[in-house]
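Protein chains: 2
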Amino acid sequence: MKSEKISELTTNRLSVYLRCLKDLADGGHETVSSEALAKAYNLNSAQIRKDLANFGEFGVRGVGYCIKSLRENLTDILGLNSRRRVCIIGAGRLGAALANYYISSGKNFEVVALFDVDQQKIGKKISDVEVFDVKDFAAVAKRAKIEVAVLAVPAESAQSIADVVMGAGIKAVMNFAPVPLKVCEDVKLKTVDLTTSLDSLSYYLAGADRSNGKHMKPNGGGGRI
Amino acid sequence: MKSEKISELTTNRLSVYLRCLKDLADGGHETVSSEALAKAYNLNSAQIRKDLANFGEFGVRGVGYCIKSLRENLTDILGLNSRRRVCIIGAGRLGAALANYYISSGKNFEVVALFDVDQQKIGKKISDVEVFDVKDFAAVAKRAKIEVAVLAVPAESAQSIADVVMGAGIKAVMNFAPVPLKVCEDVKLKTVDLTTSLDSLSYYLAGADRSNGKHMKPNGGGGRI
Chain A
836 MKSEKISELT
846 TNRLSVYLRC
856 LKDLADGGHE
866 TVSSEALAKA
876 YNLNSAQIRK
886 DLANFGEFGV
896 RGVGYCIKSL
906 RENLTDILGL
916 NSRRRVCIIG
926 AGRLGAALAN
936 YYISSGKNFE
946 VVALFDVDQQ
956 KIGKKISDVE
966 VFDVKDFAAV
976 AKRAKIEVAV
986 LAVPAESAQS
996 IADVVMGAGI
1006 KAVMNFAPVP
1016 LKVCEDVKLK
1026 TVDLTTSLDS
1036 LSYYLAGADR
1046 SNGKHMKPNG
1056 GGGRI
Chain B
836 MKSEKISELT
846 TNRLSVYLRC
856 LKDLADGGHE
866 TVSSEALAKA
876 YNLNSAQIRK
886 DLANFGEFGV
896 RGVGYCIKSL
906 RENLTDILGL
916 NSRRRVCIIG
926 AGRLGAALAN
936 YYISSGKNFE
946 VVALFDVDQQ
956 KIGKKISDVE
966 VFDVKDFAAV
976 AKRAKIEVAV
986 LAVPAESAQS
996 IADVVMGAGI
1006 KAVMNFAPVP
1016 LKVCEDVKLK
1026 TVDLTTSLDS
1036 LSYYLAGADR
1046 SNGKHMKPNG
1056 GGGRI
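Just so you know, the protein sequences line up as chains A and B, in that order.
Using the numbering used here, read the first sequence as starting at 836 and increasing by one per residue.
Using the numbering used here, read the second sequence as starting at 836 and increasing by one per residue.
A few of these clues could be false.
Intra- or inter-copy, both count: the list cannot distinguish identical chains.
[Unchecked claim] Only pairs whose alpha carbons sit at most 20 Å apart, straight line, appear in this in silico EDC-like list of lysine to aspartate or glutamate:
1. Lys1025 x Glu843
2. Lys1017 x Glu870
3. Lys857 x Glu870
4. Lys956 x Asp858
5. Lys980 x Glu965
These aren't lab readings, by the way, just hints derived from the structure by calculation.
The following block holds chain A by itself, in its conformation from the complex (with noise of 0.2 Å):
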């Protein structure tokens, strides 16, 4: 067991896997090789042994992997035997879009309240889940037993509004700011930024333009700035 060095990149990949299986159980499969789960779903089958190896030895040699098994280790090493309870912060249209894709998308996590500070949203519901006020986040999060904190929510208000969250005894948070945000040692982050996203595209089509040197300004100088 070395799950204190399994890297985010590993479990993002857990969590493509488990879906995978789930495709191919509701596909009537049983058992699955890891070239064949590579194949069907556009994934290297020495990842997925050297992945799934942190955890155990899930496969039989010449058979491959018991899905349901695989599935229900998967299920535990990601902790999703019990529904994660999330609320999301910011009620606007990428705040309400999360809301419906995470109640559409699956059982492993719960929408339970979301929160915005405009009182015309207050009261209301979107997707069946209340959006409340910002102010009461902590009893809110405590009476709703608040797991995760998705924060889609402007830039400048980013980093206040986590200070509320983790003031509320949240672990764990899902930024979509685009902000680097501060956050305490026992706090997990994950950012997605939706911004630098589009913009790491742009520096690949800018390949092109990037070789002749056109770019280059520098303002001289040098050393530790």
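Since the structure of chain A is provided, determine the placement of chain B on it from the hints.
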């Protein structure tokens, strides 16, 4: 110039620096040291210097970076000096929220078209952007000079849509569908998996359970599976 070796993590950080510099410029600042930049935005000053050193020497010792000049350089490096023309495929809640988000969040990207298969949506507008029939993708993409395709479609149709997108010559794809995609070598794929992100938070929350080995149910056997 070492741009060939620049990782996506580096370009992601450049994108963050660029937004932080905009914020500083908006606040009336003209120069900033790597330390001050790091402190103000929860970044790492050594990382900033290392990242920027990939592209030249942009700062002056004892003075820091000229914000205006560094912004111009980063904008050039990321290929953001011309607006990138983006389409979003899937005009459901997530697609609509992304359209709205990218339209309102800056001028680097222009959402020029949405696509869907739902005849009820085709011909309508979302945030002033027309929804086209996916069947007409190639023609619309050519006419609208689309460079980037954002996929906000269900998992089961993501690969076939990606094939249509690549068939139309698009070289940059951002995929929100929770499924691994196979793309041509010359196509840059960026995956934003909203489910995986939550799963990795769940893995963190499950940390307390992990140490007691409850989830270990290896099947025995071993070797290559």
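Check your understanding: Is the C-alpha distance from Lys1017 to Glu870 at most 20 Å within one copy, between copies, in both cases, or in neither?
Key -> between (41 Å within a copy, 16 Å between copies)
Check your understanding: Can you tell me if Lys857 and Glu870 fall within 20 Å by alpha carbon in one copy, between copies, both or neither?
Key -> within (17 Å within a copy, 48 Å between copies)
Practice item. Since the copies are identical, ignore which copy is meant and state whether Lys956 and Asp858 lie within 20 Å (CA to CA) inside a copy, between copies, both or neither. Key: neither (38 Å within a copy, 29 Å between copies)
Review point. Is it within, between, both or neither when you check Lys1025 against Glu843 at 20 Å Cα-Cα?
Key: Answer is both; intra-copy 10 Å and inter-copy 17 Å each pass.
Point to revise | Up to 20 Å CA-CA - Glu965 versus Lys980, copy category | key: Intra 15 Å, inter 42 Å, cutoff 20 Å: intra-copy only.
When each numbered hint is compared with the structure, a violation occurs for hint 4 only.
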